[in-house]
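Protein chains: 2
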Amino acid sequence: MLQNVRIVLVNTTHTGNIGAAARAMKNMGLSNLALVAPKKQPDEDAYARSSRADEILDQAVTFENLESAISGCQLVIGTSARQRNLCWPLITPRQMADEVAQAVITQPGAQIALVFGREDRGLTNEELALCHFHVNIPTDESFSSLNVAAAVQVLVYELRVKWLELQNKTLPDWRDDWDVDWADAADVERFYLHLEQVLMGLDFYDPDNPRNLMQRLRRLYQRARLDQTELNILRGILTATEKAAGLQQKK
Amino acid sequence: MLQNVRIVLVNTTHTGNIGAAARAMKNMGLSNLALVAPKKQPDEDAYARSSRADEILDQAVTFENLESAISGCQLVIGTSARQRNLCWPLITPRQMADEVAQAVITQPGAQIALVFGREDRGLTNEELALCHFHVNIPTDESFSSLNVAAAVQVLVYELRVKWLELQNKTLPDWRDDWDVDWADAADVERFYLHLEQVLMGLDFYDPDNPRNLMQRLRRLYQRARLDQTELNILRGILTATEKAAGLQQKK
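Chains as they are written, first to last, in full-length UniProt numbering: chain H, 1 to 251; chain L, 1 to 251.
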């Protein structure tokens, strides 16, 4: 899916933005970059900002106009900061990722263009009319002009998230992916008992005036969910405390 | 919610990145920027890259270390490119936005820090241990080092999307927000009848050998869902065609 998407930058002024867009693409697993009449071809600035995404810049193809850049594409989605005179099917970045996924699922060889406009005034109405959808990145009304590489970053990020979802490669819940086994409830209960006895030995806890102390400590550790190593550490601390304080040790 | 979040940049080398981060923040409606021991204070480069997010740079507060920058925060989330030795609750950018929203819902005055590390090596293990969660932006394994301002852009974008959801300010479905009323089905049926007659008059359509022609045209227009203006235009074209071709006009 990520290889089906062509990022098209129209009439870009700052080559640094082209480089930053290339880096964002490579970070998210895309590689197909098209430049429509850039003010300047990728130069030192572009390569510096691309970090090490050189090959994307090397392989970028330059076109004279948007029509030729999207030739061969079955789905064309243009970025648009504002609602135009004539409204067009307008979608969010997340819906854009759904549309791209759908296109590739129904037609595995589909070519999809994501089109980004000029730094100062985006895409023209004529260019937007070449698109099937317009995608709008939500921004604060008082400051809505996104840097073009930042816009590329947001859209390719959404594409990658969608791609990971489709591959069931989403991050597992951290609780399912912990590096130590979770503690056995019976062992945790033995810890609470040990803790209570030590706190009594330290004259910190008075069962006749409990003031929810044990409940609060229990709530803390239950919320954190103890793993086996952590439980061993806490038990070790209690034993060391007993020894240091001359308390009778519990077996 | 967006005003509760402090963006913390640790030990940043390139002031341009600080400026680009400020721009991303302002675009998404955030304003609270903290700098931990930046290699250089915001300079011309920073202001140039910030576009017009000057006041965020002007008001950025500099701290000597991360501990002091997160003082006053109840929730601290650090960005982490890789799984460390000791694993930590690890969440996606979307889950990060959920955690932030939850924190603000339960405690409206909550201060939340999103912490971003150095350009070359991120946050140290000691800095990551100051966090409640680590957030990982998904990237291609072969090229996983995100530009720090790009990382800020992705996370503040997710925050804005969540904030819009909570305010029910998400983009309406474009079909619900069209600038012209949708056409009445009965009018559309009259159009299909008119179209059929004109196509017969043009000897383009033979009802004895229909070859699904009308079905295909119907499928096309039904899929597009015609609005009233479009329907009027299409009817006008048919009438003009009848006139030009000398066909008998239908009332």
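In case anyone wonders, no lab produced these hints; they're calculated from the structure.
Be a bit skeptical, because a hint or two may be false.
Because identical chains cannot be distinguished in the list, a pair is counted as satisfied if it fits within a single copy or across any two copies.
Within a straight-line C-alpha distance of at most 20 Å, the following computed SDA-like cross-link-like pairs (lysine to any residue) qualify [as the list claims (entries may be wrong)]: (1) Lys162 to Met214; (2) Lys162 to Ala245; (3) Lys39 to Val61; (4) Lys162 to Ile91; (5) Lys39 to His14; (6) Lys162 to Gln95; (7) Lys162 to Thr92; (8) Lys169 to Ser144; (9) Lys162 to Asp98; (10) Lys162 to Leu2; (11) Lys169 to Ala81; (12) Lys162 to Arg94; (13) Lys162 to Asn136; (14) Lys169 to Gln102; (15) Lys40 to Ile233; (16) Lys169 to Glu44; (17) Lys162 to Pro138; (18) Lys169 to Arg94; (19) Lys40 to Arg211; (20) Lys40 to Ala224; (21) Lys40 to Phe63; (22) Lys162 to Asn32; (23) Lys169 to Glu141; (24) Lys169 to Ser142; (25) Lys162 to Ser142; (26) Lys162 to Gln248; (27) Lys40 to Asn125.
Exercise. What are the numbers of the hints the structure violates, in ascending order?
Worked result: Structure breaks hints 1, 2, 15, 16, 19, 20, 26 and 27.
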